[in-house]
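Undergrad: Let's have the full structure, built from the sequences with the hints guiding it.
The residues making up each chain are set out below.
Protein chains: 4
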Amino acid sequence: MSSNLRLTVSCPDRKGLISALSSFISMHDGNILSADQYVSDEATFFMRLEIEGEGFGLSRDEFAGAFRPLARRHGMDWHVSHTDTPKKMAILVSRYDHCLTDLLWRWDAGELDAEIPLVVSNHPDLAPRVEAHGIPFHHLPVTKETKAEQESRVLDLLSENEVDLVVLARYMQILTPKFVDAYRDRLINIHHSFLPAFAGADPYRRAHERGVKTIGATAHYVSEELDAGPIIHQDVAHVSHRDTVDDLVRLGREVERRVLARSVRLHLEDRILVDGNRTVVFE
Amino acid sequence: MSSNLRLTVSCPDRKGLISALSSFISMHDGNILSADQYVSDEATFFMRLEIEGEGFGLSRDEFAGAFRPLARRHGMDWHVSHTDTPKKMAILVSRYDHCLTDLLWRWDAGELDAEIPLVVSNHPDLAPRVEAHGIPFHHLPVTKETKAEQESRVLDLLSENEVDLVVLARYMQILTPKFVDAYRDRLINIHHSFLPAFAGADPYRRAHERGVKTIGATAHYVSEELDAGPIIHQDVAHVSHRDTVDDLVRLGREVERRVLARSVRLHLEDRILVDGNRTVVFE
Amino acid sequence: MSSNLRLTVSCPDRKGLISALSSFISMHDGNILSADQYVSDEATFFMRLEIEGEGFGLSRDEFAGAFRPLARRHGMDWHVSHTDTPKKMAILVSRYDHCLTDLLWRWDAGELDAEIPLVVSNHPDLAPRVEAHGIPFHHLPVTKETKAEQESRVLDLLSENEVDLVVLARYMQILTPKFVDAYRDRLINIHHSFLPAFAGADPYRRAHERGVKTIGATAHYVSEELDAGPIIHQDVAHVSHRDTVDDLVRLGREVERRVLARSVRLHLEDRILVDGNRTVVFE
Amino acid sequence: MSSNLRLTVSCPDRKGLISALSSFISMHDGNILSADQYVSDEATFFMRLEIEGEGFGLSRDEFAGAFRPLARRHGMDWHVSHTDTPKKMAILVSRYDHCLTDLLWRWDAGELDAEIPLVVSNHPDLAPRVEAHGIPFHHLPVTKETKAEQESRVLDLLSENEVDLVVLARYMQILTPKFVDAYRDRLINIHHSFLPAFAGADPYRRAHERGVKTIGATAHYVSEELDAGPIIHQDVAHVSHRDTVDDLVRLGREVERRVLARSVRLHLEDRILVDGNRTVVFE
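Protein chains in written order, with full-length UniProt numbering: chain A, 1 to 283; chain B, 1 to 283; chain C, 1 to 283; chain D, 1 to 283.
Just so you know, the hints here were simulated from the structure itself, not pulled from any lab data. Do not take every clue at face value.
[Claimed, not checked] Below, computed lysine-lysine pairings styled on DSBU-like, alpha-carbon distance capped at 30 Å:
| id | chain 1 | residue 1 | chain 2 | residue 2 |
| --- | --- | --- | --- | --- |
| 1 | C | 178 | C | 144 |
| 2 | A | 178 | A | 147 |
| 3 | C | 147 | C | 88 |
| 4 | D | 87 | A | 15 |
| 5 | B | 87 | C | 15 |
| 6 | B | 178 | B | 87 |
| 7 | D | 15 | A | 15 |
| 8 | B | 88 | B | 178 |
| 9 | B | 147 | B | 88 |
| 10 | D | 144 | D | 178 |
| 11 | A | 87 | A | 178 |
| 12 | D | 147 | D | 88 |
| 13 | B | 144 | B | 178 |
| 14 | D | 147 | D | 178 |
| 15 | C | 88 | C | 178 |
| 16 | B | 15 | C | 87 |
| 17 | A | 87 | D | 15 |
| 18 | B | 15 | C | 178 |
TA: Spelled out as structure tokens, the structure:
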């Protein structure tokens, strides 16, 4: 059994949690490959452990049964994943192709350990790009009248494909609370500004009007409130008076794709734990 | 005459402006050391010229008379300064010392070509720091009742000292429109966020609450609206979930002093031209 | 005639050059859209001018004849290009696809104003990637014995296609002085380190061994000496002890493609002038 | 007892180390405030633990006796420090004041948790700067003839003051192997280039000659070979053709002081473990 385990845990902080967790693993002859830990100001304990599968005494089926009593005693939220079972990731996209193209290239290059069972778009334009990678492309157009129905069909597709992570790679539709709730903490959006600046529409034009000298991009989990969910990663680029709105769009694409790809990678490796409206990121 | 000239010009764009300006200088046997030019989207022409003083045919007294007809013909706003006459810079400060200390150190190190005839503070704390550099320190305390009167005394001091540039190095008082108007485009503030995010009070605490992964600082000319004036320079630092509000304050100090010092230097070298609510920065 | 002109000039510095150049353009009713100028420590004058084609009194055929006397008088090296005539760019590549893919995506997105008449590789792997963009792909394998002959065929292909710019997008062959000389200042290489550190082979492995905390990439014009030509642009990424050589490779790819793309764009817009073993870059 | 403990450990990797360490602490009723762990490619295990003093069952005197058997069994190199006992830091400096000034300012601001019992210089210039902070300044001039003797006196001073950490804040003397050995892994130097580029003398001049577009600074532990010890932190600044050697010096000062201060802070908080010629930095 060459697959390793990743265990993430959060619970109220108290003495002895690291000892309890590491002893549990030692007791079953497990080897901890890496351990990251953090206690928030509000005294919540977060931990991520990578455990070598080789030699570990608990089979995949046995783990939950053996771990549950310990988890219950400490009130733990916990999640375990196996490195031989990549997450299933869906990408939603509209017409802008830079984030999609970059994710697909990185996926081909082995940077993103995921299956991609489908890409969904409200426009047909990017079908060839997606299908060239052997990935099914679903064109589900949307109008004001069909919005609810279209979203419902998207949700059906995600569900049929047992999707673990939904990436909004510049998907220009606002999702309903029902969608957001179904994929809470598993729905990553890239916003083309350094939030909270320029939340909402048309950030590059507004950045240009304000005369900023720095533009940015923000990847975050989607919550009910627009562009207000837990931030995963942000980065910026310097700009000058010479840069037109078109230049900001061009320079911003660079930042957007970098920030999104890094965030997706962190999620796929179970490195992000959500702490209220903040994220704990174990890099 | 070893002093060089810096000429900055802005006017409606039209054909032949560079030729007109450079020919004017050539005609008087001037040597252009550097030239920067920019035309905005709104067809405003901006230019900055450094002219060697040695060999230039126009004396300091003659320049304006010779240049004015050309300027008038093209509707130019223009300004000339001489490198042997450093600007007079006043610093206003409250209790935080990092920006002040950094400016004074750079001034000592020869990075800032200015005279500093005075530092004004509403608190007495930083007097020894300032006086150690041989600079007069004026303590003008302020209460709600004495605000108008105190500001009036500050303005008098600035005027008596013929101050060209006022730097708010974390001066924790909001200035009246009268003050802003008196030093329009000559009044630099450092705000401890990447504007327009977190304008107003307590940006580090709000940044922490929002869970941002990047903090920043913004230097801008002060206008009537709080934290909304033309931005000169911005920079950021990456932060993580481990950083408390105190850590953000500490990391932010680093960015604030760097951003402010660079902006002051650019202003002192006449490298910033204001274009409505934006800045043209010839670096 | 909607095409604009870009004129770049370098010559020994002397009084009146800006005036002479701008007057020449004014004399022929030209409108200068942008002007950048620089004088080096060694008193060499560099200038780049963008001139509006609309209304300019000199036709494409007349320009050289009209300008040559002025250029000769001042000993100018000069070059004029027209914005309706994109440069012809060839890409040489081996097996790594990240720089190639990124250049092609940017070209599709309109970021790079060039024709790409051919891509040449010593491996067949990337043919489908290139041909999907409608660009001819030439596979010219190379062995120790056929190296001279292969390079000769590459040069023939470049010549037949009247190539203006050759981009080495991780082309893993060292070029002969003959090749370098044929495309001097028109041959851009991306090296996967911040030169002069780790010139030569295997920089990521050597960076890892040295335990650096920053990796980088450098785009430069190729000269006879390996990795020693004029540097165009450099950028870096921060790394930590957790990053393996494979991580450095992955993080480095990101920097390489960004640095190369920016350098190619600058070259295509005639923004780079070579000054001995340095570059003047008018951004 | 409000002082917390910091325990750092390195040893050959094997199963159960985290469990053994955390159980040891739990057994004595200790609360782990933070835990960082890393296993190198060469299978060396590194860990840093912060343990709450309040409620911990082992007194300061008892800790070593209780921990030693466990440490011996696993072949651990280990070190414990207490947060109420700041390290004693000496600063060695020559004439450049920027790094010294910055360290002293940060120390005043509470950013550096250390005692500074002395500053040593081979020049008298910076005495007033140091004494203004109430720190003894020792002027020990050095000539080619007195080099050995002077270094010997410096070592005596460090020893008399029981110094834990020596910071070379642009100290322009090469130390002998005897000195290096006495303060191995406790002797931090700031070099004004991104190593391994421009090791040795005059890096800014050489960077300018090479025409780089990025300059940097590197903080490292000093080893016998010049500028070749384990790197702690590096950072860079972008430069352009316009920047003279003097500009590089000015821009570099900014990077130097930032990189040095961060490295010193990391060391003072026991966040750096040395792994051969590399560093493990738990930020």
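Undergrad: Indicate, hint by hint, whether the structure satisfies it.
TA: Consistency of the hints with the structure:
A threshold of 30 Å between alpha carbons decides the hint, and for residue 178/C with residue 144/C the separation of about 17 Å falls inside it, so the pair holds. Pair hint residue 178/A plus residue 147/A holds up; C-alpha atoms about 13 Å apart against a cutoff of 30 Å. The hinted pair formed by residue 147/C and residue 88/C meets the criterion: a straight-line CA distance of about 25 Å does not exceed 30 Å. For the hint linking residue 87/D to residue 15/A, the alpha-carbon distance of about 28 Å falls within 30 Å, and the restraint holds.
Restraint check for residue 87/B and residue 15/C: satisfied, since their Cα atoms lie roughly 28 Å apart, inside the 30 Å limit. With a CA separation close to 22 Å, the supplied pair residue 178/B and residue 87/B stays within the 30 Å bound. For a cut-off of 30 Å, the pair hint linking residue 15/D to residue 15/A stands: about 23 Å separates their Cα positions. Only pairs whose Cα atoms come within 30 Å are accepted, and residue 88/B paired with residue 178/B is accepted, the gap being roughly 20 Å.
Annotation: proposed proximity of residue 147/B to residue 88/B holds, straight-line Cα distance about 25 Å (limit 30 Å). Proposed proximity of residue 144/D and residue 178/D is supported: the alpha carbons are some 17 Å apart, at most 30 Å. Note on residue 87/A and residue 178/A: the hinted pairing holds, with a Cα-Cα distance of about 22 Å set against a maximum of 30 Å. Restraint check for residue 147/D and residue 88/D: the C-alpha separation of about 25 Å stays at or below 30 Å, so the hint holds.
About 17 Å separates the Cα atoms of residue 144/B and residue 178/B, which keeps this hinted pair within 30 Å; it holds. Taking the CA atoms of residue 147/D and residue 178/D, the gap is near 13 Å; set against the 30 Å cutoff, the hint holds. Pair hint residue 88/C plus residue 178/C holds up; C-alpha atoms about 20 Å apart against a cutoff of 30 Å. Restraint check for residue 15/B and residue 87/C: satisfied, since their Cα atoms lie roughly 28 Å apart, inside the 30 Å limit.
Between residue 87/A and residue 15/D the CA atoms are separated by roughly 28 Å; this keeps the pair inside 30 Å, and the hint holds. About 45 Å separates the Cα atoms of residue 15/B and residue 178/C, which puts this hinted pair outside 30 Å; it is violated.
Hint 18 from the earlier list is the only one contradicted by this structure; the remaining hints agree with it.
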